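Chemist: Here's the letter readout for the chains.
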Amino acid sequence: MAKKKVGFYWCASCGGCEEAVVDLAEDLLAALEQIEIVFWPVAMDFKREDVEKMADGEIFATFINGAVRLSEQEEIVHLLRRKSQVIVAFGACSHMGGIPGLANGVQREQILDYYYHSGPTVETNGSVEPDPGITKKEHGFDLPEFYRHVRALDQVIDVDYYIPGCAPPPAIVKGALAQLLAEEPPPPGTVLASSHALCHECELNETKPAEGIRIKEFKRPHQVEKIDPNTCLLVQGLVCLGPVTRGGCGALCVKGRMPCTGCFGPLDGVQDFGAAALSFVASIIDSNDPHEIERILDEGIPDPLGTFYLYSLPKSLLFQKLLGRNGKKVAESRPRKEKVEA
Amino acid sequence: MKSFEPKIIGLFCNWCTYLAADLAGVSRMQYAPNLRIVRVMCSGRIHPEHVLWAFENGADGVLIGGCHPGDCHYIEGNFKNLRRYLLLKRLLKQFGIDERRLRLEWISASEADKLRRVVDEFTETLRELGPFAQEAPLFQAAESPSPIQKSTLGMKEED
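Heads up: the sequence lines are chains Y and U, in that order.
Take the first sequence: its letter number 200 is residue 1245 in this note's numbering, and every next letter is one higher.
Take the second sequence: its letter number 59 is residue 605 in this note's numbering, and every next letter is one higher.
No lab work stands behind these hints: they were computed from the structure.
Nothing here was measured: the structure is a model prediction, and the numbers come from that model.
Check the hints yourself; a few may be wrong.
Stated by the list, open to error - Below, a list of computed lysine to aspartate or glutamate pairs in the EDC-like style, where the Cα atoms sit at most 16 Å apart:
id, chain 1, residue 1, chain 2, residue 2
1, Y, 1219, Y, 1078
2, U, 639, Y, 1348
3, Y, 1264, Y, 1190
4, Y, 1048, Y, 1228
5, U, 639, Y, 1343
6, Y, 1264, Y, 1344
7, Y, 1048, Y, 1081
8, U, 635, Y, 1343
9, U, 635, Y, 1348
10, Y, 1049, Y, 1117
11, U, 639, Y, 1339
12, Y, 1264, Y, 1343
13, Y, 1049, Y, 1068
14, U, 635, Y, 1339
15, Y, 1219, Y, 1068
Bound-form chain Y, shown alone (with noise of 0.2 Å):
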């Protein structure tokens, strides 16, 4: 039997996801048995123009992890859009935006602005700045364009599936690899990882008192004096997202005594997963009087947005709703398509 063809290309990401591939260790190998790697800039000497040769549909997957940001990035992904018959989402970033998708909560004249002028490490004359107009042709290059928003990989192409996390454990991968290889593929838009909330595999799920959790007091993890491996995190007061987010790591984080920040994203039919977290952090909060309410949310959780949507704000309902006004693709998959009459 030919051997599947198959890709890897990174978009803004921070390398983790190329290192999860090669976390496959053995099992890499004993894949290639059955797949043959055509193109992965990170590790293999292929070019865009080997990628342009090949037949429309000629590889059978290719993995893309990282958010889209450049102009660049959106031309390749659209390039192995049509060159793949699968495209699978690899990773945080590709999936929900993940932590590059944190730049769409400021403007990119203050990150330009930033990183060129006012940054305390910059020396500048104070006029440069990367421009996308400036074609060095002679010299082999050109600057591609920085757009206004980080976008998740499905709100740029379609997308036939998932693997999450930040980066997605070797278990993950390799599981991933064998439902994409096996006779019967999971249907298309599945995520290949738990259909069940972290805290079913959690081995502090049974430390979780039987009367519910009430918490007066949020602590960051710098702030517990000495975490309790032995007790659930939320009963000790760290916001944990377990509840939330979808299982499949094996509680890794919290095997290391950290909460869960929820890479692996929302369950299965959550739209978003920022307001998911917010309504099950504020549930246990302990307390019917609104300003005691206030001061527990003032000293407990400082920073909503980056707490609950640290890995999905590209996929926000509230960012999906600019995506949508401009015009842009935004995730067809969405169950629920009513709009409100006028």
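Starting from the known structure of chain Y, fit chain U onto it as the hints suggest.
Modeler: Structure of chain U alone, referenced to chain Y:
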């Protein structure tokens, strides 16, 4: 030019605020027609996603109505809503949205007059704030590039 008429989504609990709206109706009270009511069994059932979804789909303001504290048909569903509401307001502020676009009111079944006053007031507030889409700075930044961007950077709009 036709003046701006805000759209308000009202998420009203079955036992108090919805009945107040009913009473206002049978009493032939007049109030701003900008309100569209969605009846829910309890204000504690209202998820932040409902509110955000309303904004995403064209609402200019969301009015949540529940029973007075202590009067909840389900003992303390309205307190659950209160906690979510207070946290959601903070989130909206971070998104650059005026927090006055989300309003929570305790209105009992007999307070048809309060309902009328609240809806009229809220409509007036939203009229002053203008359309949701134009108001949020985070969103505005996306719509109107500064002159520096266009002239000196040569950056095209992405659409």
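Chemist: Hints first: check each against the structure and report whether it holds.
Modeler: A quick look at each hint next to the structure:
1. Between residue 1219 (chain Y) and residue 1078 (chain Y), the direct Cα distance comes to roughly 14 Å. Compliance with the 16 Å bound is thereby established for this hinted pair.
2. As the CA atoms of residue 639 (chain U) and residue 1348 (chain Y) are separated by approximately 11 Å, the hinted pair is consistent with the 16 Å bound.
3. Only pairs whose Cα atoms come within 16 Å are accepted, and residue 1264 (chain Y) paired with residue 1190 (chain Y) is rejected, the gap being roughly 41 Å.
4. For the hint linking residue 1048 (chain Y) to residue 1228 (chain Y), the alpha-carbon distance of about 14 Å falls within 16 Å, and the restraint holds.
5. Taking the CA atoms of residue 639 (chain U) and residue 1343 (chain Y), the gap is near 14 Å; set against the 16 Å cutoff, the hint holds.
6. In summary, the hint linking residue 1264 (chain Y) to residue 1344 (chain Y) is supported, as the alpha carbons are separated by about 8 Å, within the 16 Å threshold.
7. With a C-alpha separation of about 6 Å, the suggested pair residue 1048 (chain Y) and residue 1081 (chain Y) falls inside the 16 Å cut-off, and the hint holds.
8. Note on residue 635 (chain U) and residue 1343 (chain Y): the hinted pairing holds, with a Cα-Cα distance of about 13 Å set against a maximum of 16 Å.
9. With a C-alpha separation of about 12 Å, the suggested pairing of residue 635 (chain U) with residue 1348 (chain Y) holds against the 16 Å cut-off.
10. Proximity of residue 1049 (chain Y) to residue 1117 (chain Y) is assessed by CA-CA distance (about 27 Å); at most 16 Å being required, the pair is judged violated.
11. With a C-alpha separation of about 15 Å, the suggested pairing of residue 639 (chain U) with residue 1339 (chain Y) holds against the 16 Å cut-off.
12. With a CA separation close to 11 Å, the supplied pair residue 1264 (chain Y) and residue 1343 (chain Y) stays within the 16 Å bound.
13. With a C-alpha separation of about 21 Å, the suggested pair residue 1049 (chain Y) and residue 1068 (chain Y) falls outside the 16 Å cut-off, and the hint is violated.
14. Restraint check: the Cα-Cα separation between residue 635 (chain U) and residue 1339 (chain Y) comes to about 11 Å, which is no more than 16 Å; the hinted pair holds.
15. The suggested pairing of residue 1219 (chain Y) with residue 1068 (chain Y) holds, with an alpha-carbon distance near 10 Å, which does not exceed 16 Å.
Violation of the numbered hints given earlier is confined to hints 3, 10 and 13; the remaining hints are satisfied by the structure.
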